[in-house]
Each structure stands twice: as C-alpha cells, then as structure tokens.
Amino acid sequence: MIARNRAHLRSDLIRRLPSGDILRAAEAFGNRFDFRETLHRSRNTEVARYFDQDFGRQVVVRFTFAEADQEITPAVLRSFRATTRILAAAAHPAIVSVYESGLTFRESTEALFVILEDMDAGSLRERLPITESEAADTISIVQRWFGPLMAALDRLHRLEIVHRNLRPETLLIDTFDRVKLGGFRFASYLSDLEARANSSPPQGLPAAYTAPEVTAGQAVTVRSDIYSIGCILYEVLARRPVFVGESDVEQAYMHLREKPDPPSALTSSSAIQPLDKIALRALAKDPSDRYESVSDMQLELDQAVASAVAALVGAGYPQAEVGEDVAEPDGEAEQANKVVVEQPIQRMAEPARSAGGSLSSERQDARKSSGSGGLFLLVALLVLMIVIAALVGVR
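When the letters of the sequence shown are read in order and numbered with the UniProt record's numbering, they come out as residues 1 to 395.
Accuracy of the hints is not assured; some may be wrong.
[Claimed, not checked] Cβ-Cβ distance ranges computed for the label pairs, FRET-style:
hint, residue 1, residue 2, range
1, 58, 315, 41 to 51 Å
2, 28, 259, 49 to 59 Å
3, 315, 40, 35 to 45 Å
4, 32, 313, 44 to 54 Å
Hint data in this document are derived by calculation from the structure and do not stem from the laboratory.
The structure presented is a predicted model; accordingly, all values stated were derived computationally and were not measured.
We put the CB at the ideal spot given by N, CA and C, even for glycine.
Please construct the entire structure, taking both the sequences and the accompanying hints into account.
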C-alpha cells in the first residue's frame, strides 16, 4: 500500500512539475556529488557527507523524505527554497552556510535536499560536561562561544526566523574550534507548515531544551529560542542539564512546574555567580518574564562575563586563561611579550632634584663647568681686541 502511494505521488509530482525536471535534477546531483558516508538516518531524514566535485570541497547534504500520506507540492518546494535562501542570505560567521537546496530522488523516493557547510569537528555535545578542574574553563567557553552564537541567533530573529531546535547537538564546531548554529528543522515543510510553526511543538525535540509553552502547544516565538539557549548556558555553567529526569515526560513536567537552582549552587565555583541571573531569567516559565530579545540577553551576559573575569584575575588566575583575545605565548615570543607588559613605554622623566627642591649636585657641577668655560672665552676675546687696537695706534 505504501509503495503504491509513493509511486502515485512520484508520478503525480512529475505531471505537475515541468516535464522531466526532477529526473534531470537527480541525474545532475549524482554526477556532481560523490557519496562519502552516512552521518544520521531516521524515518524521514538522512544526513550524509559528500564531496562536491564542482567546488572541490566536502559538504553535508540533508535529505527529507515525504511520508506516504504527504505531498511535496510545488508550493511546498517554493516555500522550502524561499526559507533556505533566507538562511543563505543571513551570511553570519556563526551560522552554518547553506549552499543550495532543491528536489531530487533518493533511493527511488523524492526528497527535499539542502547542501550545507561541513562542520567536521563535532558539536557542543561532545564538549559537555565541562570539567570540574578550573572555573576559568567555563568562563572562557561562555566568552568564546556564546557571544557569536547569540549574535547569530539575533540575526535569524531579525529575519523573522525562529530556530526551534537549539540544543548542544545543533551547535556545531569546525576545525578552528568555532561554534556555529546548525540543525535547522527543514522537515517542518512537509506537513501543514504554518499550523505546526504556530501551535504544536516540534516533533523529536528533547524535553531538556524545549520551552514550557512549546510543550504545552502554545505559540512558538523568539522567546522560546531564548529559553533553549538558556538551557544550554545553564548546562555549561552547572555541568548538568537544568532538570534531570528518568524520561522525557518527567523532564517536560519539571520544565513546566519546577524552579531551577542557580547554576553556581551546583558547583564548587563562586566565580560563575554573576552569570546565574542571566541563565535563570532566560529560563523563566512565563515567556514575558524572559529577555525580550537575544541582543538584550547578550548585553547582560557580556557584562556578567566581564565581572566574572575580573573576579578570577583578582583571585590570581592569569589573564590569558580567562581573557578573550590573549593567547598563551611560548619561547622567545613569551619573553618579548613579558618585556612589553612589564616595561611599558613611559613619558620622559623630569630631571632629578634633591630633597630641597634644587637640581642634583651632578647637574649643578655641569652647569658650573659650562659657566666657567664661557667666562674664559669672553676674557680671551677682550684681550685680542686690545692687541689689535694697539697695533692700529702704532701705525
């Protein structure tokens, strides 16, 4: 039955689209991209790594397949492409680049596809929990990663895009240890997009990062994303999720009803206390009690991080371990940097004076010597003039 439905859908789609376009697109895709490995597979999605022969680079391709009772209509395809174009146009350094999107066949089934930048160093999930050893590690990660991430999320919100899938697995890391937003839920285009975007919670999201109003089936807004980024910030600070339950249902209930402890209360570090209020406000049950925008949250987070850095430096941590732009020097470079830091250029000093306010004895001796030399020259000049005058008088 399912096979017949899929066959009917394919033939119906080809009739409704320009003749042969989908088949030519599939052939062109196969000729251009070399399959390397499958990264993820679920009921209606597949993520795989390919090599793009045209541009000589590795890419990640995400395929979304239609269910038996769904249709990838021309309207769905246009909407899908429109949003992927918006994401591509966002062009933010902390958003995974979107190269292309379209419709093709995959395993004899039509599929939407989107070609993405290959983030080959894993995700934030592999970096959690942060070790207990140094509080400075936590502050450094917040300073290095959350600023760019929140700026990228604010960029999306200004384009009226709600991410809806923020969790450590969708914060991807590249070979330069930079974190970027990924994990956009392109699959939502396959069934009643507008209704799902505004009412029902996204399917498959872990309860640990889902806002209470989303779980309750209420409207998804930018403040739902703020709740999710608050969950991730909390987990980085506390080294554990906001709530720990035995099941997603239990966790969802805790997010709906229970109040989280301050992150610093769950660790041995007092240095992160300035960041407690940021995470807890982002995790407010009522969306209206959260930050109005990601930029507002980022502003307060930057201020809190600055306070935490100052506290750590005051407690004896080297600036390089918690500062944003300070690299650890080595060898000769270290000595050069020490000279710059320890011997800064100063204004030219005034001449030294004695306790009584007069110039030093060395300077006074120098001036006396200079004055004596001038007097001798004056006397010699007068004698010479007298001699010349006497000679003229004799003539």
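Would you pick out the hints that fail for this structure and give their numbers low to high? Violated hints: none; all satisfied.
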